[in-house]
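Here is how the chains run, residue by residue.
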Amino acid sequence: MTDGGLTFGGALFMGASWTAIVVLLVFCFARIRGRR
Amino acid sequence: MTTQRQREIWNTKVGLVFALAGNAVGLGNLLRFPTQAAQNGGGAFMIPYFVALILMGIPLMWVELAIGRRGGVHGYGTTPGMFGTLWKHPAARYLGAFGVLIPTGLVLYYTYIVSWCLGFSVFSAAGTYFGEVTREGMGTFLGGYLGTDRNPHFSGLGAAYFFFVVTVVLNVWILSRGVVRGLELLAKVAMPVLMALGLVLVARVLTLEPMAHGQSDWTVANGLGFIWNPDLSSLASAKVWLAAAGQVFFTLSLGFGAIQTYASYIRAKQDLALTGLATTAINETVEVIIGGTLAIPAAVVFFGLAGTREIAEGGAFSLGFMSLPVVFQQLPAGEFFGCLWFLLLFVAGITSSVAMSQPMMAFLQDEFEVSRRKAAVLVGVGMFVLSQPVLLFMKQGFLDELDYWIGTFGLVVMALVEIVLFAWVFGMDRAWEEITRGAQVKLPRLYYYVIKYVTPAFLLVILVVWGYQDAFGVLVMDGVPEAFRPYKWGARVLLLGLLAAIMFGVYRRWRGQPMEAEEHVHAD
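Chains B and Y, in that order, are what the protein sequence lines are.
Residues 1 to 36 in the numbering used here are what the first sequence lists, from first letter to last.
Residues 1001 to 1524 in the numbering used here are what the second sequence lists, from first letter to last.
Don't read these hints as lab results, they were simulated from the structure.
Mixed in with the good hints there might be a few duds.
Rough simulated footprint, nothing fancy, chain B against chain Y, three-plus residues with beta-carbon under 8 Å [as the list claims (entries may be wrong)]: (1) 1007-1018; (2) 1223-1229; (3) 1284-1290.
In this text, a Cβ means the ideal position worked out from N, Cα and C, and glycines have one as well.
Could you build the full structure based on these sequences and the hints that come with them?
Following this line, the structure appears as C-alpha cells:
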C-alpha cells in the first residue's frame, strides 16, 4: 500500500484489469447475441 | 422417481446470464470487496484476487453450472438429487443436504441486511440521518435502527421490522411468479438498473474535489492508488491469499447451492462455458470497476488513508452504513446520492436473496410436489420466523455465528465436496464432457487439469489453514463473553435443526429407492 497517489504501475494495473473485464464482457455478449 | 413434472426453463440466453449475474452480484461486490481489499493492503490484495478468480472461481462456476444442468435433466433442482446422479451411494444425497442448508441459512440473515439497504435509501432521501455528521453519530443511528443502541431516532425495532417485512413480501412475490416471470424478469430489469446506478455513482466519485480540510493527499487518485498500486510482497502472505480466495467464493456465490439450482433450469444441450464467463464478466464489472471505485476512494477523500484503513478494519457495515452516509451529508444533493447508493445495494441484494431462497423452493417443488405459490409462502413464512433470533439477538452475535459457519466455512466445505464428487468420483472425463457439451466457446484443455488438480488443492489448502487458524477458536468460542455464549449456541442449534429437517426430507423422499432408479433422463 502506498500513500503517494496512483503510480504509473497502479494506473497500468487498473487500466489492464478494467480493459480485460470490459473486453470479456463485450466478447461474451457479442457471442451470446450472435447465436441466440 | 420415474414420473417427473414439467420443470421451467429460462426463456432467453440473455435472461439466463442476467439471472445468474443477479445471483452472483450482491452486497459482497459493493461492500465486502472494498472492505477486504482495504483490510488486506489494497494493491497487495488484487494480484491474489485475480489468481484465485482464474484458478478457482471460474472453474468452480463451470463445475456448479454443469452439476446443476445435469441435475435439471434428471428432474432435480437441488444438490441432494444432483449428487445422487454423480455418486451412486445413498450418502451422496445426505451430503447434498448441505446445498439446501447453506442458501437457506444464508437467506435468514442476508434478507435482513438487504432490508437495511431499503430502509437507509428511504432515510437518505428523507434526510433522516442528516445531522449525524460523524461516524460515531452514524454508528449510534445504525445501532438505534438495529435495536442495539438507544438514540432519539428510533424507540425500538419498529422501522427495522417494517422494512424487513416489505423485503420478505417482495421476495415471496417474485418467487411465487416462478423462474421466467419472476426470477428472469427481475434480473432483466434489475441488472441494467444496477449498472446505471453504479455508473452514475462512479462518475460522481471520480469527480470529487479534495475537501477543504487542508489535507492535500486526501484525493480520489490516492484512493485509487490505495486499491491499485501493486505490492508484490503480498504474494508471500498466506493471510492475503486466503482473504482473496474467500472473496472470490462469496462474490460468485460459489459453494452456496444457488448456482446449481439456477443451472437446473438450463436446457440439456445449452452452452455453459460462455454462460459462466459472461456471468463472471458482469460480476467483475460490478465488483472491480464499480465496487472498487465507489466506497474506498470516496472514503479516502473524506477520511484520508489512515482513516479509511481504520474504517475498513471496522468491517463492511462500518464502511457502507456508517462512513458513507457521513460523506453524503457533505455533498451537494447528498440525499439523492445517498438514496442511489443504498438503492444500488438493495437492488444487488434482492437479486441474490431470491437466488438463495430458490434452492428451498426447488426442493419443495421438485421433491415433494408442493405448488409454486405454496412453496413461496412456506419459504417466506419460514424466512420470517427463523430470522427472529437474528433481529432480536444482533448485539449478542447471533448473526456473526450464523455467518461464520454458513457464509464462510460452509461454502468452502461444500465447494470441496462438490468438486471431489464431480471431478474424481463421477470422473474427470465425464465431467469435462458435461462442462463442454454445447459450449459456444472452446475451453482450453488446461482447465481439465485445473479442475481436476489445482482447484481441489486450492480449496483443501484454504480449508486446512482456516480450520487451523480460525475454526477451532470459533468452535470453542475463544474470547466470547460468557453472557453471549447461549446465543451463539442458539445459532448452532438453529443450523443443526435446519440440517436435520432437510436430511429428514431427503430420507422421506428417497426412502427405499435404489440409486439405479435415477437414470430416467428427460433431455430436451
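Structure-based check of all given hints:
| no. | hint | verdict |
| --- | --- | --- |
| 1 | 1007-1018 | holds (count 4) |
| 2 | 1223-1229 | holds (count 6) |
| 3 | 1284-1290 | holds (count 4) |
Against the hints set out earlier in the document, no violation occurs for any number.
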